[in-house]
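Visitor: Chains W and P, in that order, give the protein sequences. Every letter in the first sequence is one number past the one before it in the working numbering, and letter 78, counting from 1, is 78. Every letter in the second sequence is one number past the one before it in the working numbering, and letter 3, counting from 1, is 3.
Bear in mind the hints are in silico, worked out from the structure with no lab data behind them. One should not assume that every hint holds.
[Said to hold, decoys possible] Stretches of chain P that chain W covers, calculated by requiring three or more beta carbons in the stretch to come under 8 Å of a beta carbon on chain W: (1) 7-17; (2) 51-59; (3) 74-88; (4) 93-99.
[Unchecked claim] Derived DEER-like restraints, expressed as beta-carbon distance ranges: (5) P/M89 x W/D150: 20 to 26 Å; (6) P/H8 x W/A170: 50 to 56 Å; (7) P/A90 x W/F180: 25 to 31 Å; (8) W/Q38 x P/L28: 54 to 60 Å; (9) P/V12 x W/F152: 23 to 29 Å; (10) P/V31 x W/S51: 39 to 45 Å; (11) W/T61 x P/D91: 22 to 28 Å; (12) W/F58 x P/D91: 25 to 31 Å; (13) P/I83 x W/P81: 35 to 41 Å; (14) W/G54 x P/P11: 23 to 29 Å; (15) P/P11 x W/P169: 52 to 58 Å; (16) W/M64 x P/T47: 19 to 25 Å; (17) W/F162 x P/L87: 46 to 52 Å; (18) P/T47 x W/T119: 18 to 24 Å.
[Stated by the list, open to error] Here are some of the chain P residues that sit facing chain W, going by a computed Cβ distance under 7 Å: (19) V24; (20) T26; (21) R34.
Computed from a prediction, not measured in an experiment: that's the story for all the values here. The C-beta atom is built at its ideal place from N, Cα and C for all residues, glycine as well.
Listed below, chain by chain, are the residues.
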Amino acid sequence: MSEGYPQAPTAGVPGHMAIHGAGNPHDGHSHPDHPKLQHHFDDMGQQAEASTLGMWVFLVTEIMFFGGLFMAYLLYRYRSPDGFAEASNHLNVIWGAINTIVLIVSSLTMALAVRAAQTSARPKVQVGWLIATMILGSAFLGVKVIEYADKFTHHLVPGPDFQWPGEYPAAAEMFYSLYFCMTGLHALHMIIGIGIMLVITAMAWRRQFDAAYYTPVEVAGLYWHFVDIVWIFLFPLLYLIGYHYGAH
Amino acid sequence: MSSTNDHHVAPVSLYLTIFGALMVGTILTVVVARFDLGPLNNIVMLTVACAKALLVVLYFMHVRWGTRLTWVVAGSGFFWLLILFSLTMADYMSRGWIAGTLR
Chain W
1 MSEGYPQAPT AGVPGHMAIH GAGNPHDGHS HPDHPKLQHH FDDMGQQAEA STLGMWVFLV
61 TEIMFFGGLF MAYLLYRYRS PDGFAEASNH LNVIWGAINT IVLIVSSLTM ALAVRAAQTS
121 ARPKVQVGWL IATMILGSAF LGVKVIEYAD KFTHHLVPGP DFQWPGEYPA AAEMFYSLYF
181 CMTGLHALHM IIGIGIMLVI TAMAWRRQFD AAYYTPVEVA GLYWHFVDIV WIFLFPLLYL
241 IGYHYGAH
Chain P
1 MSSTNDHHVA PVSLYLTIFG ALMVGTILTV VVARFDLGPL NNIVMLTVAC AKALLVVLYF
61 MHVRWGTRLT WVVAGSGFFW LLILFSLTMA DYMSRGWIAG TLR
């Protein structure tokens, strides 16, 4: 797809970047520049790729951000596997599975929102998919509120009030520390994601996106899907490692 | 990269297929976790999770149609994660192998 840059200067276009800056439509291109094209890019494709790549670089830092917590989980679970399984057994698999499905559906609606922009669908269609994504994201957070409230009721929040009737109270407290850190950081990303979607929805409503320019939807989608991927790993690692013990 | 419309538009049917595969993976993980299979539980759980993550990255995040540079950058994140896990665990798991070194 990419011919790669840097591009060799074409004979008929001397110093065409400067001409871009002047907004001259007669600079050797067969068509005038798109109004969204910034002067330091050669064309819309290069501009879109730079944005996508920049988002991926950010997501790599996000992988490492969550990675530290996954590392802590791996180490403490390695040290007390039975304690972690016992602690995990108290989490409600039904709520966790519902939230997993909610997030996967939201990734689908997000992908369809990007596709709607890519295919120059009417703003109402783009906005519809974006609103569906935000509703599903909010549903996820709603379930998380129910679950967190349950942990407070049952004294499962690490700290002076933490009570564990099982065999491994220390491991259980560590498990719930990690549970709140990992799902809390994930929930924070969901909240930020919904905030980003609000902005993108407003832009889509104002007819900002079509096949020639949809980078903001695409980049916001990358962020949303990444947050989905984090949950794809959190769900089995937190909810399912003690599931074979049966219902609590 | 010359035209403005050269981005790949995947058909809706492909997105629905990927969605279906993600749902099947989720159900499979939950069902398998119900049984005590020893270490196999973790292997199945993580294999399914990695497969699901790969589907999301390749299709929903469009890396399948991305440039090689995108492939390298996306891959580097997971590669560094593996380094983090393997070097840290190599330390913790080998402690005490030599008498007197266990802290």
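Visitor: Determine for every hint whether it applies to the structure shown.
Guide: Hints and how they fare:
Under the rule that three or more residues need a Cβ within less than 8 Å of chain W, the assignment of the segment 7-17 of chain P holds, with 7 such residues. With a cut-off of 8 Å between beta carbons, the segment 51-59 of chain P has 5 residues touching chain W; three or more are needed, and the interface restraint holds. Counting residues of the segment 74-88 of chain P whose CB lies closer than 8 Å to any CB of chain W gives 9, so the stated coverage by that chain holds, three being the minimum. Given as covered by chain W, the segment 93-99 of chain P fails the check, having 1 residues with a CB less than 8 Å from a CB of that chain where 3 are the minimum.
A hinted range of 20 to 26 Å for the beta carbons of P/M89 and W/D150 is inconsistent with their spacing of about 33 Å. For P/H8 paired with W/A170, a C-beta distance near 52 Å keeps the hint of 50 to 56 Å intact. The given range of 25 to 31 Å is respected by P/A90 and W/F180, whose C-beta atoms sit roughly 29 Å from each other. The beta-carbon spacing between W/Q38 and P/L28, approximately 46 Å, falls outside the hinted interval of 54 to 60 Å.
Against the hinted window of 23 to 29 Å, the Cβ-Cβ separation of P/V12 and W/F152 comes to about 43 Å, which falls outside the hint. The hint said 39 to 45 Å for the Cβ distance between P/V31 and W/S51, and at roughly 41 Å that hint holds. Checked against the hint of 22 to 28 Å, the pair W/T61 and P/D91 passes, with Cβ atoms roughly 24 Å apart. Between W/F58 and P/D91 the C-beta distance comes to about 29 Å, which sits within the given range of 25 to 31 Å.
For P/I83 paired with W/P81, a C-beta distance near 24 Å fails the hint of 35 to 41 Å. The supplied range of 23 to 29 Å is met by W/G54 and P/P11, whose beta-carbon atoms lie about 28 Å from each other. Range check, P/P11 to W/P169: Cβ separation about 53 Å, and the 52 to 58 Å hint holds. Separated by about 23 Å at the C-beta atoms, W/M64 and P/T47 satisfy the suggested range of 19 to 25 Å.
At about 32 Å, the beta-carbon gap between W/F162 and P/L87 misses the expected band of 46 to 52 Å. The given range of 18 to 24 Å is broken by P/T47 and W/T119, whose C-beta atoms sit roughly 35 Å from each other. The restraint placing P/V24 at the interface with chain W is violated, with a minimum CB-CB distance near 11 Å, outside the 7 Å limit. The interface hint given for P/T26 holds, since its Cβ lies 5 Å from the closest Cβ of chain W, which is under the 7 Å cut-off.
Proximity of P/R34 to chain W holds as hinted, the smallest CB-CB distance being about 6 Å (cut-off 7 Å).
Comparing the model with each earlier hint shows violations of hints 4, 5, 8, 9, 13, 17, 18 and 19; every other hint is respected.
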